[in-house]
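Participant: Model the full assembly from the supplied sequences, consistent with the hints where possible.
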Amino acid sequence: MNTEKQLFTVSIYTENNIGLLNRISAIFQRRHINIESLNTSPSEIEGVSRFTIVVNITEENMKKIIGQIEKQVEVIKAYYHYDEDTIYQESCIFKMKSDLLFEERQIQNIIKDNNARIVTVNKEFFVIEKSGRKEEVDLIYSELKPFGILQFTRSGRISVSKQPMEISQMLAAFN
Amino acid sequence: METQTIKNKETTTKVTERISGSEAVVRCLIEEGVKILYGYPGGAIMPVYDELYKFQDQIHHVLARHEQGATHAAQGYARISGDVGVAIATSGPGATNLITGIADAQIDSTPMVCITGQVASHLLGSDAFQETDIVGISSPVTKWNCQITKASDIPKILAKAFYIAKSGRPGPVLVDITKDAQFEEFDFSYEKCTKVRSYNPVPKIDATAIEAAAALINAAKKPLIVWGQGVILSAAEQAFKAVVEKAGIPAAWTILGASALPTSHPLNVGMVGMHGNYAPNILTNECDLLIAIGMRFDDRVTGNLETYAKQAKVIHFEIDPAEIDKNVKSDIAVLGDAKESLAQLLPLLNENKHTDWHQQFKDLYAIEYEKVIQYDLHPTKEGLTMGEVIHQINIQSKGDAAIVTDVGQHQMVACRYAEFNKTKSNITSGGLGTMGFGLPAAIGAKMAAPEREVVSISGDGGYQMTIQELGTIFQQKAAVKVVVLNNDFLGMVRQWQQLFFDKRYASTEMINPNFVAIAEGYYLKARKVTKREELADAVNEMMESKEAYFLEVCVEKEGNVFPMIPSGASVSDIRLS
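Protein chains in written order, with our numbering: chain A, 757 to 931; chain B, 5 to 581.
No wet-lab data here; the hints were simulated from the structure. Since we're looking at a predicted model, the values are computed, not measured. We put the beta carbon where it would ideally sit given N, CA and C, even for glycine. Among these hints, one or two may not hold up.
[As the list claims (entries may be wrong)] Sample of chain B residues facing chain A (criterion: CB under 8 Å; computed from the structure):
| # | residue |
| --- | --- |
| 1 | V139 |
| 2 | G140 |
| 3 | S143 |
| 4 | P144 |
| 5 | K147 |
| 6 | N149 |
| 7 | I168 |
| 8 | C197 |
| 9 | V200 |
| 10 | R201 |
| 11 | S202 |
| 12 | Y203 |
| 13 | P325 |
| 14 | A326 |
| 15 | K330 |
Facilitator: Below is the structure:
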């Protein structure tokens, strides 16, 4: 087992419960593990939520954490993945001054070259959206930065695994 | 035929009744078989108390003197009976005072349900009087918790609470109920919970793991069993004894595993860990196979993990998958309920004696006896030892008493020397090390098992942390025997100061009150012993007493507990002095 720290994507299927976010984040916090990103959303199964958490830790630690997560009563199943085992994306949006669109022709090229898109334009500002891998988001950020970004925000990673996770079968077995 | 049809109809039609949420709480408790609960009233839980008043012929509420005492009493109740202990408190400080007991129950896997009142739901988040986010506060120390704001959720949630608290690896559950939900009326019906989607309390046993474990055990030349509370929690004592005897394996216990196998059993080789016995600690680092059963390799058991049983293969019988490879890597993990796993293991084991290996334990015991035990149990010098008090209790109880201890030197001495004939006889705070646990836990234990002799043993420090529960003893007429081993010090901390901090006794000396007068103030029979000659008579008087009895024994001030594995050292570096 690799004893180096590396990025893992944790996928957790849970009941939709108010307090669960607290319980799950506490598992990381107690062990001083910094969460790189965290996303919660509905999953493909009605009434089941999905957490996608990215952490940078050793695999041995990762396994122990998965055990602690699965120990929570309302967690259905937790998995961890190497980057190469998942398809993952994050997205970001930029708010910029509308004048730039006319004064700095370069911006249009940046949008095109990065496969980003303009979400809205009005007199004062326009908004660019970009989805992709972390490096792609980093890249467009660095390219737009010199022009002055009014606001920038990026989402946590969302991912699907290449291998099936078989949550439905698992739930059927519980019933 | 006629009656048959009627019967079927009764069981299939859900009977509902329109009642208040607060009545539903009490009815749910009765449905769960709760006979006794421990608590303290207050504003946000008053509707439930009003119902407890109405149902007092069916369910007995014990008024503690502090909510922490209520939780420890519920824990004592649970530990001796195996049933779920129940504690109840109001919102705000009532709820936060439960936290120590809840944390204790969590780390020691004790089934407990705590019910707290909460401000009315429209006030939540408004910093109302006695409002506190107890669900948020308790979530790291509960197995599960939940807030109820609608009366109609009460039966389902409480049923789930009891099921989760008791099933699998047990633990504490907290249910917080807003005051409006207590007043609200709804159509009540009750159904016990038997499963929760997403929760798999008892992993299925893998037959191949059992076979692999049996093969290792049969091939081992120097096997050592270390068992924990899992044996008691899964009621595996018989199966466990059969395995130990058939395979002839020396078996040592963690503090919470004590009493699952009688102390006098020839294969019981004593306690492991920091103040455990010499032989099992030393030989942990000599065995060729370590068989861990229902234990979790706490750091107080293992000492330095880098040098813990590195030469041995490890089999881990465990119900909680998160414990596998958490601290000690196992070669074979047998997940599942200990009772069932051991029953499946038994027929696959070869009969064995391991006579030479067992002799090694006896030889090391002889060394420990000569260097430590004889001076503890049969001292000749002036000053009573804690050990001789325990020894005297053993003699007079014949090993049948349940010993409830607090935390510190007296706890280690009691666990080392108490003789246990029966399972569930050692009730102590192991994982959390909660001073103040003992006295209230003894009340719960005595009330759950009134037929048993329950002896609470505390030090002068911990005793004063929950001394107010003498009031509960008096009010409930709980015939608990209360022993305080008084050395006028916080003895364990003082021992560490002596050994590791050049005797700088920072804030460990205690100027104590007149303990006998305090006990008498609570109308308890009380006696103080300062001389060896008085000890046997005093213990006899205590044991003969039909009512609660307080006995203070003044022991030597600077006695130390040995053997000892210094913090961070290897188990085989255990010191005898």
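Participant: Could you check the structure against the hints above and give me the numbers of any it violates, in ascending order?
Facilitator: 8
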